[in-house]
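So the sequences go chain by chain: B and G.
Mapping to the numbering used here: the first sequence position 373 is 373, numbers consecutive.
So the numbering used here is basically just the index in the second sequence, starting at one, shifted up by 1000.
In short, the hints are calculated from the structure, not lab data.
Computed from a prediction, not measured in an experiment: that's the story for all the values here.
There could be a bad hint or two in this list.
[Claimed, not checked] Chain G is faced by these chain B residues, among others (derived, beta-carbon under 7 Å):
hint : residue
1    : 201
2    : 253
3    : 303
4    : 372
By construction, the Cβ of each residue, glycine as well, lies at the ideal position given by its N, Cα and C atoms.
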Amino acid sequence: MSILLALGVISTVASAVPPKLAVPTIKVEPGAKLNENITVVQQLDMVSFDPINTSDLSNRYIITNIYSYLFAQDEYLGNVPELVKSFKRLNDSTWQFEIYKGVKTHDGKDLTVDDVVYSLQRTQKGTAIGALFKPVDKISKVNDSTLQITTFGPYPALPTALTHVSCGIVPKAYLEKAEVSKDWSNPIGTGRYKFKSRVIGDSVVMERFDGYFNQKDKALNKSLTFKIIPEGSGRTIAVETKKADINVVFDTVDYDRVLANANLQLWEHPSQTMWHLGYDNTQKGFDNKLVRQAINFAVDRKALLEVGHNGHGTVVFNNATFAPTVLGAVNNPGNKYSYDPEKAKALMKQSGVAGFDTEIIVFRDEAERMAVLVQSYLQAIGINATVKRIENAVFAQTIQAHKAPMFITSWGCYWDPDMFLARRFTKAGIGGVNRVWYQNPVLDLMIDKARTVSFDNNPRAAVYKEIQTFMADEAPEADLYVNTMYALANKDLKGIEINVEMPHNYYKLHY
Amino acid sequence: MDETIAKYTTRKGFFKQYKKKSRLQEIWTRFLRNKLAVVGLVIFVFIVLVAIFAPLIAGYDTEAIRINVPNRLHSPSAAHIFGTDELGRDIMARIVHGARISLVVGCAAIAFALFVGGALGAIAGYLGGKIDDVIMRCMDVFLCLPDVLLALAIVAAFGTNLVNLTIAIGLAFTPKFSRLVRSAVMTVRGIEYVEAARAIGATNTHIITHHVLINCFGPIMVQVTLYVANAILTISALSFIGLGIQAPIPEWGNMLASGRVYMRDYAYIVIAPGMAIFMTILSLNLLGDGLRDALDPRLK
């Protein structure tokens, strides 16, 4: 579904595509070189090989090559089976998953159902998955090839929840050791690649695991090297000079330049990556609904898209992170918001909140540019903000310490809203990714209703529309836009795939 | 005869014929002989004038910090001599107002370093003994650390604002001045006029301030000009990495940092602030070198 700009091929994407259940297929042309070392450049360094440590994108797309999952993510962040050979729902709240036999770990042992159960039980206890596993009651072994997951009620999104980065399967023996030593420097998994080395802040190297259980879907390159280049043009230059094969975080400032370069190929894909202005709903000023609404009127999303991503994306008026292609998404529910500084000022006046000082936390270049612009919008309504740039690795800690009164970052939405709503806007997500510290019992009930109303998508979509209208009024954050996803590669590289969040499936890259 | 005598003995006539140049005049004459130093002085004076009259050249609120997104990334033109930046702000206006920040913070930081470091160095050099050991070993510890690293650590610990930044850079340069002043004080403290002052009962403070420091003025002033250049560079370096002057205040280092993303296609965004830093540092270095030569009595 990706769009190859260099060849001028354009295709469109349906607004909402349900998850597919199919084993990924590999199309390898005769004469393809399948023993190449592929170098991928990305913007930020990974954080940890512990799958339950963080759901950060820069971490996720590295460690998912090391670990296998019951279900892998598809193009729309839906699910496709990986370790699961078959699965069935015994009733509304009981699921059974049969896993493949003969799955080998990187240290040559057999993966057992006990390993899978132990891994998932650990995930359930962790904060990274947060509310995603809140509906999950029990994870248990049925027999040597089957495990069972029971939920507190209907949970249609369970297979998709199992694609979350924190559901990576790690052998029980390794986990028991790592939980004591906290040493994740030499990870063991069952994925397509074995870890080889890491230089913090610079690179991660992994080699093809020839014992990968699904030989029909194994890696098509010999090794993957992830190079960290924070500067956008630096990443482009790395591909131009063949120091890297693919840049998975393309900076659109180089858009015209790379289109004119016949030695490069640029792929694009609509995204579900939502750039948003978040604020701590518990802090003075932001605890007032009218102030939050004023901020939503005060910011010019179109200008922010221009400054943040040079206009490459789609403006979104939403307050619950519903990207336009997500199930039930409505852009600007009730046509509530627009760029209207006068209305923003009036709302501030109505709120009775005098102007106050605050801080906008950012950790990326594009967010920093946007923050300076937001700073000027806020000043116009009496909020004096300073911009503070921090390291990516300490962002979660900063949020958890209530030290991010405002922040600008992105969030990769799953196709199924049940995968992010509870995590981002309920008590269960606090300490995880409820970065805006928002909670509301009414929303909790609505989320439960959307989850349990039916296994059918249409009735669920209707509830999600209600949720978006409710959240537009609550305005717990200001969603700004989704940016178009790009992958810049050497013209000869094959096997490039992009999902709604990032280029992915690096194991298919080959020459 | 009387007239002739009167001609050569009137104060006016006598001094006219045998007038001896003052020390300052001698220094100034020697300074003017050094063409590069004069170029440095002219550039520096120009930058200072630009900083002083910045509001007359370009409005702060209306041009330097006012964001105008439709106007972004415009090439240099009659309307915007250095072009506009990634947020549509006039680069020249930002350069002009940035000069104020760089010069004020640079000079204030060095004044701070001179005051604190100079006092410590003078005490250590004049009193000697254990006090000298304690003060100078502490200074040696700080001297082991590069200026930028030390300033970075201080700013990171206490937060980034104008005052903290000035103090951080000032503290980073304090050990250099303490060492400089100490050595200068040690050179002059044994000279007869200091002993004479002591003999007539002058206090240590009086001797240090009125006899010792005044005679170290030359070498200190030379170093001040050179260290102001270093301080401006440090400010820019800290701003470049996000720990210096914060947005939206225009500063040359943060202009470079925010413009670097666009450097390949819109080089003018970084050329202007880069040149501003370059010219300021160059002018101060030329000025410092010229002053050193002019103040050196061996080069009379």
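Outcome of the hint check:
no.	hint	in the structure
1	201	14 Å, violated
2	253	6 Å, holds
3	303	4 Å, holds
4	372	5 Å, holds
Taken one by one, the earlier hints fail for this structure only at number 1.
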